[in-house]
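*Asks:* Residue strings, one per chain:
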Amino acid sequence: MNKAILLFLCLVLVSTAGCWDQAELDDITVVSGLAIDKGKEHKYQLTTEVFNVTALDPETRGTETASILFSLEGNTIAELAKKMNVIATRKLIYSHMRVVVMSKEIAQEGLLEALDFFEADREIRNDFSFIVVENVPAKDVLKINYPIQQVSSLKIHEQLDTMVKEWGGDPDIRMKDFIAALLSPGREPIAAEVKVIGSPEKGKTRSNMEKVEMDALVILDGLAIFNGMKHVGELPIKHVRNFLLLQDKLRRTSITAMCSEDKWMAARITNSKTRVRARYDNDVPKFNVAIDLEGRLETIQCPMEIVDLQAYLDMEKQFSEAFEKEIEETIRILQEDFQLDIFGFGEHMERQNYQHFKEVKDEWNEEFAKADIDVNVTLKLRRTGLINDPFLVEMEEEE
Amino acid sequence: MYSAMVEKISLLQLFILIFLFQIGSAVVVGIAGEAERDAWIAILIATVIGIIIIRLYTYILSYQPGTNLFDIMGQLFGRNASMIISLVYTTYFFYIAARVLRDFMELLITDLFPNTPIEVLSILFMIAVLYVIYLGPEVLGRTAETFFPYIIIFLLLTAIFLLASGDIKMHRLQPILAEGFTPIHDAIFPGLIGFPFGEAIVLTMFMALTNKFQHVTKVSIGAVIATGLTLSTIKIVSISVLGTELSERATFPLLTAAREIAFADFIERIDPIVIFVMMLGIFIKVSVFFFGGLKGLEYVFQVPYRYFSIPIGMIVALFTILIASNYTEHIEEGLQFVPLYLHMPLQIGIPTLLAMIIFIKGKQKKGGITNAE
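Protein sequence lines, in the order shown, are assigned to chains A and B. The opening position of the first sequence corresponds to residue 1 in our numbering, with each subsequent residue numbered one higher. The opening position of the second sequence corresponds to residue 1 in our numbering, with each subsequent residue numbered one higher.
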């Protein structure tokens, strides 16, 4: 009997301890980002950026580079991802990658089928930034280093992340949002777009990091607009904030409005809420967009006494009107130049007037182009900075 | 050997068994896909039908409290006929046990152990199951009692984390009832009735073991209501996190939803916890079906069920792999073949027949007595 138990225990030991799926830390390399370009001989060229852990640790850091790039060509990303050991030594782990960069060429030809792999793979999660690069191959974006964050994928990810928190310059689109927009009849997909300024050739060496004015930098460029899977155009970065606001996803921003001839004032928006009401009026879709903003006055160039309730109310009105114009401008560009509903107005219509939406959902973009969209911004300025009246008021009085 | 006569489970244990049994694999694979955005409504309506079904089963059991389905069939149909029906039920129970285990094995292989052979996982799982069943239904009852708080706490935490990380967008549930009741009807008949609600037929084995039969109906109905509300909430969560399109395309919707959790830069990548919760539910469900099947063998062969537990357990582990050569085949069988040809006759057909016979017999008996007086 005892022998039987012992045998059984041994069996359990054998069958449970030998895990097929273990990967020790010194057998793996963590991938920080991917770049997808059009291949010369095959459909795709995949570039992976991996961490060089020794160079990230202050104690072991030498002159070696913090990240290494590998490129391979093939027809599916899935195969390339596992084939990287043609070049690399260890098993690559994709679960912590921070960015996926697509070249504009890929986007324009609509070769985004590669996204399916990112959605289906068990390692990859929906927390990486999904971006299109405007002027260089996607691979070059990962080459350009930056002294504070030496791994370029991390730099871009954090740049986008901070941008959306501080000003609202990144659409905050994850891959799942992109795919959801592709599938939704009432919305067209978009992605963040970056570009490289300077010389990407010089940017890929460590000496780029030794300069005060760097040879190459990755900068945010705005929105890449898609029609289905095809990249059809760009919007400059000033429109990104308005896009976020219409999604009710804007966290914080700063806006500037004119207070008199070439005199400006700025407000910091700390809270925003957007409500969209959709209805049909004689076959014309009508939208009422009510945007409530809350913020504080940050600076004013006009010599105005602002410890005055009426002045406050006037300023609120000026800001609101200026912002309203900006948003309407963004919507107008999309309605007239692109005729693409990237804002998801169709989804609002779907929720609020489903029966009517159902009839027009296949040609929703035409409906959007003729839609009557009324934007109404209400800004509440709650306080100013540490100074009430600006020094300009005193100066004016002295004159 | 333990004697089968003294084994009793409490009403609380019965409640927990029914609850865990019914949410078991329903949280893994996702249910009521036909109703799309309104799946949660379909589940609520199906709960009402689930109550009727479980009332049907307790009505059958009330024919002779303390005996299980097989004994009652024996008394009503005669031993020969009931032996055939019992063998059909036994096969059905073992088959569903294998199906349920397969659901979970697919999840494990897909998400956690891509390189581990499925055979190893399913044999290890079945060893645990047959050990519990070998120890008897009392032990299973206590095991369920132990699992219960973990399942509730982790499911709640998942919902709270999703809420906290801002992933739950209730507007994704709109428009409600856009296409009317047709998709809801399609989801309920026969899909939702058979799975998870009708599968409660195997729970009659445990209802017969409770010490206070007069409360069983109340407790069972309570458990079905609790299940319905939980499943409906889980559906609301997964639709409001993933949207309709993705929650339909996802192989395991709740898992995909849990992968979205990213909260305070600290609580993220917690999908193994969700899998752990699912595992507890699956464990109960497989054990219950396995026990149901063994009880059928006990009735047919008149041998204590424990003699069968180890060999049959290994057969179930094997059939977990053999029933389908790939996941698509497995799911297609589950959606097309099983509800129509297995669930409907065995969960609704034969029990309804039994209930009708019992009803008529009761009438005759009463009639006879009044005539004699």
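Simulated from the structure, these hints should not be mistaken for laboratory data. It is possible that part of the hints are untrue.
With a cut-off of at most 16 Å between alpha-carbon atoms, the simulated EDC-like pairs for lysine to aspartate or glutamate come out as follows [said to hold, decoys possible]:
1) A/202 / A/213
2) A/43 / A/79
3) A/358 / B/179
4) A/238 / A/109
5) A/82 / A/123
6) A/43 / A/109
7) A/165 / B/138
8) A/230 / A/248
9) A/249 / B/138
10) A/195 / A/215
11) A/202 / A/215
12) B/8 / B/138
13) B/169 / A/177
14) A/40 / A/123
15) A/361 / B/138
16) A/273 / A/298
17) A/91 / A/105
18) B/169 / A/248
Just so you know, these numbers come straight off a predicted model, no measurement behind them.
*Asks:* Straight-line Cα separation of residue 249 of chain A and residue 138 of chain B no greater than 16 Å?
*Replies:* 53 Å, violated
*Asks:* Against the 16 Å threshold, does the CA-CA distance of residue 202 of chain A and residue 215 of chain A hold or violate the hint?
*Replies:* Judged against 16 Å, a Cα distance of about 6 Å means the pair holds.
*Asks:* For a C-alpha distance cap of 16 Å, please report whether residue 202 of chain A and residue 213 of chain A respect it.
*Replies:* Judged against 16 Å, a Cα distance of about 12 Å means the pair holds.
*Asks:* Does residue 79 of chain A sit within 16 Å of residue 43 of chain A, going by the straight-line distance between their CA atoms?
*Replies:* The given pair, whose Cα atoms are some 12 Å apart, holds under the 16 Å limit.
*Asks:* Please verify whether residue 195 of chain A and residue 215 of chain A have alpha carbons no more than 16 Å apart.
*Replies:* Measuring from Cα to Cα gives roughly 14 Å; hence the hint holds.
*Asks:* Holds or violated: are the alpha carbons of residue 43 of chain A and residue 109 of chain A at most 16 Å from each other?
*Replies:* 11 Å, holds
*Asks:* Assess, step by step, whether the Cα of residue 358 of chain A is no farther than 16 Å from the Cα of residue 179 of chain B, and give holds or violated.
*Replies:* Within the cut-off at roughly 10 Å; holds.
*Asks:* Is the Cα-Cα distance between residue 169 of chain B and residue 248 of chain A 16 Å or less?
*Replies:* Judged against 16 Å, a Cα distance of about 12 Å means the pair holds.
*Asks:* Given the hint that residue 91 of chain A pairs with residue 105 of chain A, does the C-alpha gap stay at or below 16 Å?
*Replies:* With Cα atoms ~30 Å apart, residue 91 of chain A and residue 105 of chain A exceed 16 Å; violated.
*Asks:* For the pair supplied as a hint, residue 273 of chain A and residue 298 of chain A, confirm whether the alpha-carbon distance does not exceed 16 Å.
*Replies:* 21 Å, violated
*Asks:* Mind checking the alpha carbons of residue 82 of chain A and residue 123 of chain A for me, to see if they're no more than 16 Å apart?
*Replies:* 12 Å, holds
*Asks:* So if I understand the rule, the pair passes when the alpha-carbon distance is 16 Å or less; does residue 238 of chain A with residue 109 of chain A pass?
*Replies:* 26 Å, violated
In this structure, the hints that do not hold are numbers 4, 7, 8, 9, 14, 15, 16, 17, in rising order.
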